[in-house]
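Asker: Here the protein sequences line up with chains A and B, keeping their order.
The working numbering puts the first residue of the first sequence at 1, with every later residue one more than the last.
The working numbering puts the first residue of the second sequence at 534, with every later residue one more than the last.
Derived by calculation from the structure, the hints in this document are not laboratory data.
All residues carry an ideal CB built from backbone N, CA and C; glycine is no exception.
Worth double-checking, as some hints may not be accurate.
Covered stretches of chain B (in silico footprint by chain A; criterion: 3 or more residues with CB under 8 Å from a CB of chain A, positions within the stretch not fixed) [as the list claims (entries may be wrong)]:
{"hint": "1", "segment": "572–586"}
{"hint": "2", "segment": "626–637"}
{"hint": "3", "segment": "670–679"}
To give an idea of the chain A side of the interface with chain B (calculated C-beta under 7 Å), a few residues [to be verified]:
{"hint": "4", "residue": "G358"}
{"hint": "5", "residue": "F361"}
{"hint": "6", "residue": "G370"}
{"hint": "7", "residue": "T400"}
{"hint": "8", "residue": "D418"}
{"hint": "9", "residue": "P463"}
{"hint": "10", "residue": "V478"}
{"hint": "11", "residue": "P479"}
{"hint": "12", "residue": "N486"}
{"hint": "13", "residue": "D493"}
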Amino acid sequence: MTLKRGFRISATAAIFLLFSCVFWGCSADWPAFRHNLLRTGAQLNNSSLTDPTKVPTLHVGWTFPIAAITPPPGPFRAAPIVYKGVIYIGNSNGHLYAIDAANGALKWQYPAANQQALTSTFTCNPSSEGIASSAMIGSVNGTDAVIFGAPDRSIGAGLGSGRLFALNASTGAEIWKSPEVAVLLSDGVTHQQIGYSSPLIFNNHVYIGIADHCDDPIQRGKIVAVKLADGTIDAGFSFFATGPPRGGGIWGAPAGWDDVYTTTGNSRVGGQPPGGPVPNHALSMLRLNKDTGSIVWGIQPVPYNLDNDPDWTSTPTIVLGSCGTMAISVQKDGWTWAVNSSNGTPGPPSARWAFPTGSWFPNGFTVGDGTTHGDTRYLRPGAAWDDVYIVQTGGLPVVTNVMDGFKHLYALNSCASDAERIRWIKDVPNSSGGEYDLGPPTVTHGIVFVGTDSGHLVAIADPSVAVAAGWRCSNPEVPTASCVANGFRLVPDPAVLADVALNAGTITTEPALANGSVYVSTDGGKVFRLNTN
Amino acid sequence: MCKNRGPGSTLLLFVVLIAATSQTGCKSWSERGAKGVGLLPQASPNETQFSSYQPAHPYQQLTTGLLGRKLHATPPEAGMPIEVNDFLVGPNQKTADYTLPSLAIFEIRTGTGQLKVGGQARKIATGMTFEVAAGQPFTIENESEVPIGIRVEILGSK
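Taking the hints into account, I'd like the entire structure generated from these sequences.
Answerer: Dropping the structure here:
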């Protein structure tokens, strides 16, 4: 090997390493919703949170607010992000907080306490209360910026149309504010909102999804791209989920890899043309060209005539699996779908698997197939730990008992055969087993963290990390003792490493795993830092 | 060769080392997608170390290969007793003969397979409905990995 060649290889390795760390989410911080562009919800760095002997010592370090602040926080609908020792999180009261990770002290809030909060005049459910959009960290012209979406009464009709904000991460000073991207009018028809969608900073742009206020009425779902440098809308990028008049709201956060990935809400409501809007990419998982917004591929398992409001709201996760790159997401009806992302080559999608599988795989559901697709709340994005995808999903009973999945958290082997799809099943303690009972799970080296509707933070160990509690049946409705004799498989029931009662309301947001601590927000207006001993 | 290493390459080596060091524990580029974490070992054939999990409304073994559970029943004072059950036949299972005390309507909710009633075989698939007479033995064979789920309404049962 010559020195010149060695130099080239070293340079390539350095660039690759640095690139991978910046863009692939190697950060020991938690700089984005689901940690990174791929939305894996995974912390890859080793810390005390990856040590199954230390996780049981999890305890509350501090609780925000540590002293009275004005205005007082309301429920947190957004999840915390963590960057360079600071927590950034929006609140339903319309203020974004920067919190010192060391002690829980408020560093700054935006807008300032005496300024108009970022709230909408049209509120109907938690998605439209203040700042529900989790933030993401980006670099704007060399300055670290915290970027988020929120309603703002100072634009448009003055009712709280949605826009994006980029603030100096150190000071909270405005770097830019985008134009109106979600239009709210008083005409009773135009009710766009950013809601829970979290910005995706990727390809020198900020992408944000637009849905509606409580389907009142459903809007025409879209993704808007603004330029990272100045927040102006890039007119060269255009994506609408459906043709007019409405359908396909973007409720989740877009994911990024080689292109932009998203899921879309429903479209079958009154006032549509016969057969639905044209085109109709509602209820779909889609890959969009990152520069133009054109559709590279899409999968739509539930056709228009079976659309009883199973919005596909869960943020897709890009899994760089040992069997290839996949986009995986659970739809609101309880089915989880994995699609080959196809290595950058435009073309039709290739559904890799559905869970559970059946006659609907790979081409989707049909009339008379025995399935129903309604407004059940499988909303939470999954977490990916290499090939393992951890998610609340309907499971084997989904056809006959769609609600059963709310009782369980599943780990799925994304690269295995259908017979080996289920890796483990856990009934998370101190969760009600009903809709909304779990927040989105996050994972670090096989240890899964999840919040519950009774306000507990629970840590669960993959059986490769800590000995499982025993075996149970792959069909949760079949007694374990009858499992194998009836053709089902025994799967591990993993161990619970920690179960910490926070006593501050429901946890609907993801636990952020950063630098050996867990940060979690609650419906009771608190943010917690938990540490191990 | 080392004599020829200039300040540029030394700096680059330093950058590489810093980058690598800063990522200690970050296995992203060696593990992410490259190897996977592997499947877990299977349970042994006679595994008995079960967890404490119990289904809230479990199926019962009706006969070999056939699981069932009662969902609803009309109250005793109702003039026309009806009992709604779910039957389940697991992947690649064949049931033993089973009979019902009254006329029943079967609705296949999921799966495909074969039903034999009184020696007559017929294919069954999702969406099909059919009757099974009182006291008539039947068997169900599941020919796939997908469980067969059947909603069974037993009419006139006591």
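Asker: Decide, hint by hint, whether the structure agrees.
Answerer: The hints, checked one at a time:
no.	hint	verdict
1	572–586	holds (count 11)
2	626–637	violated (count 1)
3	670–679	holds (count 3)
4	G358	holds, 5 Å
5	F361	violated, 10 Å
6	G370	holds, 4 Å
7	T400	holds, 5 Å
8	D418	holds, 6 Å
9	P463	holds, 6 Å
10	V478	holds, 5 Å
11	P479	holds, 5 Å
12	N486	holds, 4 Å
13	D493	holds, 4 Å
Of the numbered hints stated above, those contradicted by the structure are hints 2 and 5, listed in ascending order.
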